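Chain residues, written in single-letter form:
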Amino acid sequence: DTAVSQTPKYLVTQMGNDKSIKCEQNLGHDTMYWYKQDSKKFLKIMFSYNNKELIINETVPNRFSPKSPDKAHLNLHINSLELGDSAVYFCASSQDVQTAAGAFFGQGTRLTVV
Amino acid sequence: AQSVTQLGSHVSVSEGALVLLRCNYSSSVPPYLFWYVQYPNQGLQLLLKYTTGATLVKGINGFEAEFKKSETSFHLTKPSAHMSDAAEYFCAVKGSGSARQLTFGSGTQLTVLP
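Chains A and B supply the protein sequences, listed in that same order. Be aware that the first sequence starts at 429, since it is given in my numbering, and climbs by one per residue. Be aware that the second sequence starts at 6, since it is given in my numbering, and climbs by one per residue.
Isolated chain A (complex conformation) (with noise of 0.2 Å):
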């Protein structure tokens, strides 16, 4: 019954491989979003998607991919990894963009670039 599910938890990969991690939530909403945090905590939103539909990207390097087979879904492609992406990434979701909803978060996804 959990709302934002994210796999895998953990991921530990050599640099210049490709991954991906899969987002789904079960409330509803409208909007998903992939958000990194660094070593230092900080989040940054990276995309966000509205109805399958891209509506944010920040300045992320293009060996970023989301991709939203539905509304439900939001998983993020990784491509060529580098070891300045080592961080943590959390799944979020909203009931849409306009209205004063909060996000609810998944529980992130350790990502460890060797």
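Please keep in mind that the hints were generated in silico from the structure rather than gathered at the bench. A portion of the hints provided could be inaccurate.
[What the hints assert, rightly or not] Lysine-lysine pairs mimicking BS3-like chemistry, simulated, CA-CA at most 25 Å apart: (1) A/468 x A/437; (2) A/469 x A/450; (3) B/54 x A/464; (4) A/495 x A/450; (5) A/495 x A/464; (6) A/450 x A/437; (7) A/469 x B/54; (8) A/472 x B/54; (9) A/495 x A/447.
[As the list claims (entries may be wrong)] Now the stretches of chain A that chain B is said to cover, found in silico as 3 or more residues with beta-carbon under 8 Å: (10) 469–481; (11) 530–537.
No experiment lies behind these values; they were computed from the predicted model shown. Heads up, the beta-carbon is just placed ideally off N, CA and C, and yes, glycines get one too.
Given the coordinates of chain A, work out where chain B should sit on it, guided by the hints.
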């Protein structure tokens, strides 16, 4: 553009003492303001939010925050700290733009001393 400043990256209080975590925001439109808590190795959990109306808002676990427009502040307080309150706390603003994404402060690590 919107931004959040959290004063004090680390705050220590004794168990039973007052907790005060400071947050100042910048937004070109009336903001929606949030406090989130992050326990170790977990995702973010919404503590409370301000949208409109009453400027003193109450949240979970005995926390409350007061919106002061003249001071552009939204400080988080709890009358009596408990050991279980030790965590990272994030203030966030949801402001203007066609996509009202959450912008987070840099976080405050709360330590509760026995």
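Results of checking the hints against the structure:
As the CA atoms of residue 468 of chain A and residue 437 of chain A are separated by approximately 19 Å, the hinted pair is consistent with the 25 Å bound. As the CA atoms of residue 469 of chain A and residue 450 of chain A are separated by approximately 22 Å, the hinted pair is consistent with the 25 Å bound. For the hint pairing residue 54 of chain B with residue 464 of chain A, the CA-to-CA distance comes to about 22 Å; that is within 25 Å, so the pair holds. For the hint linking residue 495 of chain A to residue 450 of chain A, the alpha-carbon distance of about 10 Å falls within 25 Å, and the restraint holds.
For the suggested pair residue 495 of chain A and residue 464 of chain A, the alpha carbons sit about 16 Å apart, so the restraint of at most 25 Å is met. Taken as a hint, the residue 450 of chain A and residue 437 of chain A pair is honoured in the structure, with Cα atoms around 10 Å apart against an allowance of 25 Å. Our distance criterion of 25 Å between C-alpha atoms is met by residue 469 of chain A and residue 54 of chain B, whose separation comes to about 21 Å. Between residue 472 of chain A and residue 54 of chain B the alpha-carbon distance is near 20 Å, which keeps this suggested pair within the 25 Å criterion.
For a cut-off of 25 Å, the pair hint linking residue 495 of chain A to residue 447 of chain A stands: about 13 Å separates their Cα positions. Interface restraint, the stretch 469–481 of chain A with chain B: holds (7 residues with C-beta to C-beta distance below 8 Å; minimum three). For a cut-off of 8 Å, the count of residues in the stretch 530–537 of chain A with a CB near a CB of chain B stands at 7, and the three-residue condition holds.
When held up to the earlier numbered hints, the structure conflicts with none and fits them all.
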